[in-house]
Amino acid sequence: MAALLGPLAAVLHVVLRYGVNFPFADQWDFIAFFAAQEAGELRWRDVWALHNEHRMVAPKLAMLGLASLTRWNIVAEMLASVVLALASLLILLQLAQPVLRGSGQVGRLWTMLTLSLYVFSLAQGTNRLWGWQIQWFLSLFAAVLTVALATWSLGSVRPWAYVAGAALAALVCQFSIASGVVAWGAGAMVLAVHPLRRRVLAPWLAAAAVATAAFFVGNERHNGLPSLLIARDHPLLLLEYVGNYLSGPLGRHAAIGLVVGLAFVGLVPIAASRHRERPDLFMPWIALGLFAGANAVLTAIGRVGMGAEQGLVARYATIAPLMTVSVVLLGILAFRAWPSGRLTALTPVGAVAGGALLALPAIVADVRGMADLKEVNRRIVAGRTCVLAIDTAPDPCLVRLRPDPAVVRLRAPQLKALGLSGFASKR
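Residues 6 to 432 in my numbering are what the sequence shown lists, from first letter to last.
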């Protein structure tokens with residue numbers, strides 16, 4: 006239990022100590038939603054509209070719902086993201102239980118600690134202190150739930166409820182972040198080994214096609230984004246970006262992410278061949294690892310024009326851990342049966358060494374991430390002070406909250422009039 010609660014307690018401390026109930030960055034645009042809602046003019050097309058390349062339907066609905074309950078207390082959004090991360094971890098641990106049987110108590114404890122460190126990594130930086138980033142935790146939870154429900158359908162005599170739930174989760178994932186469309190592929194991989202695969206796979210793929218077609222209706226690429234052709238013309242830069250993305254909770258370097266990716270590629274055939282009679286053991290980890298890898302590639306194609314360093318931004322460290330988590334579980338499956346075909350327990354020494362190798366870099370990344378978290382806190386606090394004196398505040402001060410200070414000047418009076426967020430007690 007301590008292996009689970011330690012990283013969770015650290016994240017809760019950060020949110021409650023450094024979280025600021027005041028809009029930041031894209032949240033200033035969201036004030037228009039509350040103004041329209043107050044005037045009775047909010048329409049479905051507003052929720053459906055693109056934000057950059059994303060259709061943030063699920064996150065927008067979640068934020069509107071939370072705002073109605075809390076007068077848009079943005080710390081409540083941060084806490085909701087922690088709850089989503091905890092739910093994701095619990096599902097991952099449930100999926101891991103069949104794998105960890107026979108791995109010994111030490112192996113199980115190290116695995117739990119490692120997974121908890123990855124999911125609650127403080128290397129996610131601004132994701133922890135920016136309520137808007139609930140979209141990333143929603144996509145993480147939805148992706149994990151998609152794969153879990155698809156996996157649990159494999160051994161069920163009544164699989165349709167699981168399959169329907171997985172489809173709904175994939176829909177939430179796709180309509181949280183654009184690259185969430187990969188959740189349909191992750192679920193399809195698991196269902197492809199289903200005893201009733203011919204009956205479940207066809208409707209699954211049909212649902213994926215309909216959802217994706219709806220996603221692209223009226224979808225125009227944002228003019229401010231770099232050309233997609235840059236990825237084709239600079240493959241090494243693309244590879245570096247992918248490595249940066251996948252480095253996630255283990256450190257900010259492309260080499261780390263590429264090593265994790267190569268480990269995943271190497272472990273997949275070993276784990277699958279040694280446990281071919283039990284696809285429920287290895288398929289969820291293959292699907293989750295490919296989900297993270299595909300997200301890295303799709304993001305790299307769309308963003309590499311901004312430079313490979315852009316792959317290191319904190320928000321990607323919410324999805325990237327799924328690759329590392331998959332490597333941990335596939336590694337257990339691959340080597341606990343080595344060199345014979347029968348299962349043998351991991352030795353305590355091997356479990357401790359492997360756990361330390363994977364856990365210690367995450368702890369180091371957490372310590373380094375605290376500096377970024379404190380800087381975000383200082384930036385928002387200073388910006389809030391400027392907004393409270395907005396008539397005399399200079400633009401460089403307001404830029405702390407939004408790159409375009411004109412948006413802050415426009416929306417701050419609306420925020421005050423609505424009595425939301427930092428102005429809730431003053432209404």
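Note that these hints are calculated values from the structure, not bench results. Incorrect hints may appear among the rest.
[To be verified] Computed spacing ranges between beta-carbons, pair by pair: (1) Leu206 - Asp409: 41 to 51 Å; (2) Thr390 - Pro208: 50 to 60 Å; (3) Ala54 - Ala214: 42 to 52 Å; (4) Asn57 - Arg203: 34 to 44 Å; (5) Ala429 - Asp31: 41 to 51 Å; (6) Ala387 - Glu314: 20 to 30 Å; (7) Thr397 - Leu69: 29 to 39 Å; (8) Arg283 - Glu46: 46 to 56 Å; (9) Ala422 - Leu95: 39 to 49 Å; (10) Ile368 - Trp53: 18 to 28 Å; (11) Thr397 - Leu210: 57 to 67 Å; (12) Leu69 - Pro408: 19 to 29 Å; (13) Val162 - Val88: 55 to 65 Å.
By construction, the Cβ of each residue, glycine as well, lies at the ideal position given by its N, Cα and C atoms.
Original post:
Which numbered hints turn out to be false for this structure?
Top reply: 3, 5, 10, 13
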